[in-house]
Amino acid sequence: MHGRPRKPEKPENAAASAAKAEKLRLLQSQFLSNHHNRIYTKEALEANAKLLEINPEYYTAWNYRKLAVQHYVAEAGSDPQAIKSVYDEELRVVEAALRQNFKSYGAWHHRKWVLSMGHSSLDQELRLLDKLQQLDSRNFHAWNYRRFLAELLNRSVEDELMHTEDMIGINFSNYSAWHNRSMLLCKQLKENDTGLTSKDVLSNEYELVQNAIFTDPDDQSGWFYHLWLIDQTMKAKPPILTSSWPSNGSELIISRKQCQGKCPLYEYRGLNIDLKEFPVVLYFNQAVSGVRSSTVTVKSFNVTWKPLSPSNSLASEIWVAYLNLAGEECHFEGPITVEFCIGQSQGILSSSGSPYGKPLRVAFTVTKEPIRVQDVEGHNPEMVSWEDPNFCADEVDSGVLNSDVSFIKERKENKESTISEWQKDTISKEIAGFRDLLSIKDYKIGKLTLARLLMADDALSFPYGNRSVHSAEVLELLKDLTKSDPTHSRYYEEHISLVLLQQLTSSEEMLRRHLFYFKGANTSSFHKPLCLRLNNLSLSRLGLFNKLLGVQMLDLSNNELQSIEGLEAMQLLSCLNLSKNKLGSFTALEPLRHLKSLKVLNISDNEIGSHSIDTRRYLFSSPLSHNEAVVWDPDVVPSDAASPTNYWEAFMLFKSLKLTQLDTIGNAVDDGRFRSFLVKIMPSLLFLDGQKLV
Amino acid sequence: MADLPPYPPIDPTTFDLIIVGTGLSQSILGAAAASAGKSVLHLDPNPFYGSHSSSIPPTGFSSFLCPPELSTGDRLLTHRSVYSDVDIVPEACPEDSRKFILDVSGPRVLFCADKAIEIILRSGVNQYLEFKAIDELLIWDEGKLESVPDTRSKIFKDKKMRLQEKNLLMTFFKLVQQHAQEEKKISNDDLQRPFVDFLTESRLPERIKKIILYAIAMVDYDQDEKKFCKHILSTKDGIERLVLYNSSVSRFSNAPGAMIYPIYGQGELPQAFCRRAAVKGCIHVLRMPIIDLHVDESGQYRGVKLASDQDIYSDRLVLDPSYKIPSDMKKSNPRDSLSDHPENPNLTDSYTKVARAVCITGTSLRPDVSNVLVIFPPQSLFPQQATAVRALQIGGNMAICPPGMFVLYLSALCSEAVQGKESLQEAINALVNLGSDNTETSGSISDSTSDAKNAGARPVIWKAFYVQELVEGHYDAICSAPTPDGRLDYDNVILATIQLFENLYPEEKFFPETPAEDSDEDADANVNLEPES
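Chains as they are written, first to last, in the UniProt record's numbering: chain D, 1 to 694; chain Z, 1 to 533.
Bound-form chain D, shown alone:
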């Protein structure tokens, strides 16, 4: 059934197929007239059956049969024998059609419909299925139908597992059989009444799949299943909060700016803070749903938690809420204590349905400093320059690290039993196994799997992840793969980036090497802003945001980034340098729309506008999506613009931001007209491409 070349049409068959087409046309027109006139005679049905036997994919013909069945069943009244014979005839027709083409959706669907009516015997069905599967054991229609039958027959999961094991035993390249197995095991895991733990359900699977992988490492099926198993094993841990901003115990000091008017302005380490929208960010170890004011309670504040996910899904790793501290303005002399509790009432669930692991209480204080900021240049802010001399590597103290970068030291009290011994054992056993395999021969997929396992082991060993024992080895494996498998080098490079980020956030000491104080020409604020400089690292992917939640100034220039997915977690980010990367379009900047504090953005020397087709565009909001807060104004685009998509993409992105400085030089979109467009849509802009706007 698989990998058979199609034979070229022989000329002598042409006449035969022409005759067949003629016959088909005749049957078809006959059938359509019957259908139209609602003729359900025996002859009409026979002609229809003939038609379906030749072309089982004809949905209208199947639907006609359904109507005919209803007609005959109504005629049969309450005679169960007559009704049964009507349905049996349908089964016969479907069988004939399946013999012709047993990958026909229409035929399988009709059979399901007949059986779901409940008038037919199910005894023959499994046997029929076995017969068909002898022809093609991987046919997914047949497997689909089997699941339907198993449900209808109330076959136990154990019996079905046994069946898949037999099928895998016959040929372990049967991906459909492995897939059915994963479906059955998921069912077993979700059925709480069985009392089976992940350990019970998954442990034996490793032995089975390792036999497949070791016997023939060049076969994909086993590897797919193995990847799924590892994922299930890792997922077996309940969701927990890995970090938050502000972090637990942090004491934030904000300064009141001198200003005119009634609206008081506050500043936190150089960042203007709108007290009505004080951000609180929660970062979980996996995507969770159900974060609400009832599940994450904030003492004496009314909050609305929102997931930060680009795909508008209801589950996300990152959740954000904006507290209104302005209400506390009047008695805002002493520190305000904000305290929130996570998971004390049920409701936060992981995608696999496991509830939130360990209830947690997080508290921080916000203290108003006496007015010290002389916001003299308030009306004339200076342009931020990312030149190297503007950064100095002064010693950064731990307290600043904690609150500014949200760098959390390994929290001993949290390193407890949520990660079961079984997970650790399993992963280390797998690591040993794959080292064995690789000692025989260098299998690329084996190396990748080992790298994944080592990363998983790191993640398990230190759930709050400050150490990376294996990262050197993982890097070496991935670098090998980039060389030996250049086709997928981008994939490996993304992994390398993540490991690098893991390494440099693994300890205070490592992180300090990348922290600099920014001393721009006229830094006005009392606190010099702290900048995380991750430039020149060949990064192609970002990650580990949970450790960097409080970063306000970030330099990512001179990397290989095509996407900045996940950056939306850095809610305090105000200055961002993305110059000299590989960003291909404005859609790639989508995460910036969630960064309400962003003021300064450098996207110069990228490839924005040079790719006419962006495969990720469907993720991006467009003027056509109705749920957008930004209302599209078609008049801003010059009528003769070469590429209007760039205009509306830029519009959707920048309209929601309040940038004061933007650099776009060195991109394909960069021309005079586009610049005037940008100025038009961003009234807040003070500097564009290094020039002060008048």
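It is worth saying that the hints were derived from the structure and are not from the lab.
There's no promise every hint is true.
To be verified - Residues of chain Z clear of chain D, computed beta-carbon distances all greater than 12 Å: (1) 39; (2) 143; (3) 164; (4) 174; (5) 203.
What the hints assert, rightly or not - Label pairs and their in silico Cβ distance ranges: (6) Z:237 <-> D:190: 48 to 58 Å; (7) Z:184 <-> D:10: 28 to 38 Å; (8) D:30 <-> Z:402: 55 to 65 Å; (9) D:8 <-> Z:513: 30 to 40 Å; (10) D:487 <-> Z:181: 23 to 33 Å; (11) Z:187 <-> D:491: 35 to 45 Å; (12) Z:201 <-> D:190: 49 to 59 Å.
Note that beta-carbon positions come from the ideal geometry of N, C-alpha and C, so glycine has one too.
Take the given structure of chain D and dock chain Z to it, following the hints.
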């Protein structure tokens, strides 16, 4: 022979070819010659077809293996006793013994892609034959029967191999496949070397090496004993055998394994070829020994004298291996004196006999299957075991015995009868006591039959033990067909037959392809393998 019913005289009295004995080799030759348009007279002194390749009931075993001495006086023709050391226990045959049809030259199977199947398909003989699959292939390993991981899925399911071993074995199988498909050739230097060394270099562990050598390549001689280079399988031949095995697996939809067995026994094969020959005009006369040869003044062969006293003349004569060819017959053509002569120095390695045993038992070696092949590699039974022992159990579904009964065939090459007998006896003991507490028992044939009462032991109801001489084909003025050999398949028999045919009729084709009769596409489907019930 005195009470032979009178035969009508054979007419005509002159043939192109007279063949004596309906062994498989002669039967194929008869069919091939008849297909090539030769007039053939095929005689057999026995009342049944098959000669040394026949299947006969237990009642006939004794008289077939020990035929009465025929005094040939001073005639040119003398007999050779093919069988010796015949030992049948008990002498009385089991009840229903008519329901048993036992192979004389067992154990023997066909590999689905071997030469015999090719000849069967090419000659159209498949229409007279039905086959069933051998269900399981097992190897004797440290006192236990272990499944042989001969295919990808068997390696996957194997419980005994470690994961790394599975990988090494599968990698090796792939190497063989790539070589066969010419994707990646094994170097010529490697091909000339002993296969056992090649396996060692492929990092295969001892156990796996044994499995490949003795249970897949079906080697007879101990490959670690390198005294006789004739016994050492070269890598080239080893790879060929593995490729044959691999292409045999699942060749026919009803046979998942590599091997099949003809329903009603191996004796069906010569009969089927004889039927084929008859269709092409060959005349068969059973119960008709020849008693003398006619030779002209110059010493040239002219014809034979039948037991019915009729004289029949022919250009060529092929004799059964149980006749000795008169040594003073003048050679018609010196070129025909081939190296396969029995007195050839090649055979001085002294393994000129094959010990065979046939047992009838009431229980299967495996609970759920009945047709099982067991391999005992050299030294696996006892340290002095020099050659591999093979045991084939065939059950009632092959229609050779009543349902619920099983026939076990064993064979081993040997130089001395005692040595062969010991090997077979140890193998029988091992199988009989399998699963019983008393695994240490070793005893004579009669011992183990009485031991059968022990709990767990398999009773052997009837047992025949005999040693067969290995006689190779002889090509000369008078030709002689080979005896069945010690192999599991028919490859050597087929090769010898083709050689014999080419020697007789160098200008004719051996079963020319007849595309009109069975087209290439469904030739395979014509091997009528019964579905498993």
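So, going through the hints one by one against the coordinates:
No beta-carbon of chain D comes within 12 Å of the beta-carbon of residue 39 of chain Z; the shortest separation is about 43 Å. Every CB of chain D is more than 12 Å from the CB of residue 143 of chain Z (nearest about 25 Å), matching its label as outside the interface. The Cβ of residue 164 of chain Z does not lie farther than 12 Å from every Cβ of chain D; its closest approach is about 6 Å, which violates its non-interface assignment. At the 12 Å boundary, the C-beta of residue 174 of chain Z falls inside the reach of chain D, the nearest C-beta of that chain being 8 Å off.
Look at residue 203 of chain Z: its CB is around 8 Å from the nearest CB on chain D, not clear of 12 Å, so calling it non-interface is violated. At about 57 Å, the CB distance of residue 237 of chain Z to residue 190 of chain D agrees with the hint of 48 to 58 Å. Between residue 184 of chain Z and residue 10 of chain D the Cβ separation comes to about 35 Å, which falls inside the hinted range of 28 to 38 Å. In this structure, residue 30 of chain D and residue 402 of chain Z meet the distance hint of 55 to 65 Å, their C-beta atoms being roughly 60 Å apart.
About 26 Å separates the C-beta atoms of residue 8 of chain D and residue 513 of chain Z, a value inconsistent with the hinted range of 30 to 40 Å. Checked against the hint of 23 to 33 Å, the pair residue 487 of chain D and residue 181 of chain Z passes, with Cβ atoms roughly 25 Å apart. Between residue 187 of chain Z and residue 491 of chain D the CB atoms are about 37 Å apart, so this pair conforms to the stated range of 35 to 45 Å. For residue 201 of chain Z and residue 190 of chain D, the hinted distance range of 49 to 59 Å is satisfied, since their beta carbons lie about 51 Å from each other.
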